[in-house]
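> As given, the protein sequences belong to chains G and A, one line each in that order. In terms of numbering that gives the first Met the number 0, the first sequence has 9 at position 10, counting the first letter as 1, and numbering is strictly consecutive. In terms of numbering that gives the first Met the number 0, the second sequence has 130 at position 131, counting the first letter as 1, and numbering is strictly consecutive.
Some clues are possibly wrong.
[Unchecked claim] Some residues of chain G that are not near chain A, with every Cβ distance over 12 angstroms (derived): (1) Ala5; (2) Lys22; (3) Pro26; (4) Glu36; (5) Leu72; (6) Pro83; (7) Gly85; (8) Val102; (9) Arg114; (10) Lys130; (11) Ser134; (12) Lys140; (13) Gln155; (14) Lys156; (15) Gln158.
[Said to hold, decoys possible] Heads up, simulated DSS-like pairs for lysine-lysine below, C-alpha to C-alpha not over 30 angstroms straight-line: (16) Lys140/G x Lys27/G; (17) Lys140/G x Lys154/A; (18) Lys154/G x Lys22/G; (19) Lys140/G x Lys27/A; (20) Lys154/G x Lys140/A; (21) Lys22/A x Lys154/A; (22) Lys140/A x Lys156/A; (23) Lys140/G x Lys156/G; (24) Lys22/A x Lys156/A; (25) Lys154/A x Lys27/G; (26) Lys140/G x Lys154/G; (27) Lys140/A x Lys140/G; (28) Lys156/G x Lys27/G; (29) Lys27/A x Lys140/A; (30) Lys156/G x Lys22/G.
Worth flagging that the hints you see were computed from the coordinates, not collected in a lab. C-beta atoms are modelled at their ideal positions from N, C-alpha and C, and glycine is treated no differently.
There are 2 protein chains.
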Amino acid sequence: MTDEEATVEMRPIGFVRSPHRDKADIPKGPGAEHHAEGTLELRPELEAGLQDIEGFSHLYVLWVFDRSEGYELVSQVPLDLETPHGVFASRSPRRPNAIGLSVVELLGREGRSLRVRGLDMLDGTPILDIKPYLSGVPAEKLRRGWVAEAEERRKQKGQVP
Amino acid sequence: MTDEEATVEMRPIGFVRSPHRDKADIPKGPGAEHHAEGTLELRPELEAGLQDIEGFSHLYVLWVFDRSEGYELVSQVPLDLETPHGVFASRSPRRPNAIGLSVVELLGREGRSLRVRGLDMLDGTPILDIKPYLSGVPAEKLRRGWVAEAEERRKQKGQVP
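Just chain G, with the same shape it has in the complex (with noise of 0.2 angstroms):
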């Protein structure tokens, strides 16, 4: 149960369709946002677990940061280029389990192909799952710690957002 050198072993449901070749192409830090569209590809014999996914607006897709390597316990992230923090209060791609997990808005389906807008992925990346998006956080119950004071300073410099 608490076998601590236990792993586990994961193999692609299927890759992403986006136009972003380049890490470059892909927005970050302060004010991001993420309107790409492109497509989930299904491998062909799992077509069939998308039943009934037509009808929600959002999805989580959870990948693999394939085109990263190792990991770092605390980093400089882009949103905060004056104080490290650690990799499990940031989204860093250099995480210990290199997963990434995003939510982006269904647009429509055809067979095994999801089309979709919010893609913050690069182009072939592994998809691990997808799920319902079925509620959220409400805004007012949030506190968003280091990430809203890095928002904060960087508005009374002026700079925006």
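Got chain G; can you put chain A on it based on the hints?
The following block gives chain A in isolation, referenced to the frame of chain G:
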């Protein structure tokens, strides 16, 4: 880049300490709410990765359904006993990659241990990643497909909730 046979190996970053000892303890199906408190315990060598996490009110936890075997592409789920749904349109534990995703409220930190509320995992569940929760999709923009329909059907039948 798109090697469909390539696998990814992951090693748990830590384990969940939860009051849920048995699957039957965990609220499931319509109206299920998760208020259980417990801890996320990291491996000692990863503690530095928690730097500055205290400022966030909510966290994403990615974990392994380690007491679930195999997968079903289409299956019956507790929320809707009338119609089966695709695995990627549901939160079924029997997934091609058995990854669970939960949002928990962060209550406090002692060293490498995070006290949290809202656990829906069993005691001893392996954790793959922890990420800060930064924003959600506003409720008015969400469509919740078969989940909303199943809730509506139950309401019309006088079943609560």
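> Taking the minimum C-beta separation from Ala5/G to chain A, is that value above 12 angstroms?
7 angstroms, violated
> Check the non-interface label on Glu36/G: least C-beta distance to chain A beyond 12 angstroms or not.
17 angstroms, holds
> Straight-line Cα separation of Lys154/G and Lys22/G no greater than 30 angstroms?
Since the Cα atoms of Lys154/G and Lys22/G sit roughly 26 angstroms apart, the hinted pair holds (cutoff 30 angstroms).
> So if I understand the rule, the pair passes when the alpha-carbon distance is 30 angstroms or less; does Lys154/A with Lys27/G pass?
Measuring from Cα to Cα gives roughly 44 angstroms; hence the hint is violated.
> With a cut-off of 30 angstroms on the C-alpha distance, tell me whether Lys22/A and Lys154/A pass.
Roughly 26 angstroms separates the two Cα atoms, so the pair holds.
> For the pair we were handed, Lys140/A and Lys156/A, check the Cα-Cα distance against 30 angstroms.
Distance ~27 angstroms between Lys140/A and Lys156/A Cα, so the pair holds.
> Please check whether the beta-carbon of Pro83/G is more than 12 angstroms away from every beta-carbon in chain A.
Violated, because the least Cβ-Cβ distance between Pro83/G and chain A comes to about 8 angstroms, which does not exceed 12 angstroms.
> Test the statement that Gln155/G is away from the interface with chain A: the closest C-beta pair must be farther apart than 12 angstroms.
Holds: least Cβ distance 18 angstroms, greater than 12 angstroms.
> Holds or violated: Lys140/A with Lys140/G, Cα cutoff 30 angstroms?
Distance of about 18 angstroms is within 30 angstroms: holds.
> Would you mind confirming whether the straight-line C-alpha gap from Lys156/G to Lys22/G stays at or under 30 angstroms?
Satisfied, since the Cα-Cα distance of roughly 28 angstroms is no more than 30 angstroms.
> Does Lys27/G sit within 30 angstroms of Lys156/G, going by the straight-line distance between their CA atoms?
19 angstroms, holds
> Beyond 12 angstroms from every chain A Cβ: check whether that's true for Gln158/G.
19 angstroms, holds
Hints 1, 5, 6, 7, 8, 10, 11, 12 and 25 from the list above are not met by this structure, while the remaining hints are.
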